[in-house]
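S.K.: The hints should help you fit chain C onto chain Z, whose structure is shown.
Chains as they are written, first to last, in our numbering: chain Z, 1 to 175; chain C, 176 to 350.
Think of the hints as simulated: they come from the structure by calculation, not from any bench.
This structure is a prediction, so every number in the text was calculated from the model and none was measured.
Just so you know, nobody snuck in bad clues.
From chain Z, some residues computed to sit far from chain C (all C-beta separations above 12 Å):
#, residue
1, Asp-36
2, Leu-39
3, Pro-42
4, Glu-75
5, Arg-79
6, Arg-102
7, Arg-105
8, Ser-109
9, Tyr-113
10, Ser-114
11, Ser-116
Between beta-carbon pairs, the in silico distance windows are:
#, chain 1, residue 1, chain 2, residue 2, range
12, Z, Thr-134, C, Glu-305, 14 to 24 Å
13, C, Glu-250, Z, Glu-75, 25 to 35 Å
14, C, Arg-277, Z, Gln-67, 40 to 50 Å
15, Z, Ser-107, C, Gln-186, 31 to 41 Å
Residues from chain C shown here face chain Z by an in silico Cβ test under 8 Å; the list is partial:
#, residue
16, Leu-189
17, Ala-196
18, Ala-265
19, Ala-300
We treat Cβ as the ideally placed atom computed from N, Cα and C, and that holds for glycine.
There are 2 protein chains.
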Amino acid sequence: MKDAIGENDPQALLAAGLRSAMRRMPGPVSLVTTHDDALNAPAGMAASAVIPVSMEPPSMLVAVNRQSRCHAAIEAHGRFCINLLGTDQARLVETFSTAGLRDERFSTSEWEYSDSIPFLPTAMASIFCEVRTTLVHGTHELFIGNAYDVRMRDTEGLDPLGWMEGGFARFGALD
Amino acid sequence: MKDAIGENDPQALLAAGLRSAMRRMPGPVSLVTTHDDALNAPAGMAASAVIPVSMEPPSMLVAVNRQSRCHAAIEAHGRFCINLLGTDQARLVETFSTAGLRDERFSTSEWEYSDSIPFLPTAMASIFCEVRTTLVHGTHELFIGNAYDVRMRDTEGLDPLGWMEGGFARFGALD
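So here's chain Z without its partners, still in its complex pose (with noise of 0.2 Å):
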């Protein structure tokens, strides 16, 4: 069925282009937190679109879906955090990547709170931004953010977790 829809239409054959090359695209994970003044709840989501925008002044983009509840807090709350991954912490990221877990997302005693901000102490690094603009570009708005304050981890003899053809990937030096 897919097949026949992509055979008449451009754009989804070009979306089904798009996936397969981004299935060979390496990233990391990071789960993206903010504070929910709606229900006055942390709230957070796997994020894998995330990049440094520029140093001067030093700030982040994260793509965010806007269907996503995470896209209206984090719209409403103005600030966010982005905890970069070590390959320890993979389990977490189901939890954030399954509707039906989203009760046990902020449920252990790993996360600690700045200004109300959740964050994880254990990441390979916590990066706190306050949102600047913001662009909208079809399914996804894009926030940027000036980074306000960066919290790192002792990482010695951690590695970055990474995700790549659809699952966690790890990272190793070239030979």
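M.R.: Only chain C this time, still in chain Z's reference frame:
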């Protein structure tokens, strides 16, 4: 001297912290290419700040330093190509990261052209985009382009090239 500046300047301290955090953020390595209309020549840059934006429409984002030659070329030409590199293409990155090697960048026979835009048929994937929206933030401009062509190589046995801790990296499955 840098430390002295940092201690007196909260922004410089934040930038130093963000730079350290970014060393822990693994990512893919791409060569972003375009046609320089002013020079009537191919242009390109090595880029790590590349992400997918949306599948509706199929679109990609690249963050480009506004001082770079490639920035002016993309701005003028309005189209670019993201070539996702494999681990066998690390040597190509050097010519694109060193100003003195500018003339060597497109001198090899590896490059092919599509409507005057250079692309690498040997890349993991080549994603051709047409600029639809841009956003300036500090030193960088974000180019958001809708994909109009995606070409993929048979990558059997090949791995995508990564960048981490200031050096090349390889991705492997998480145990």
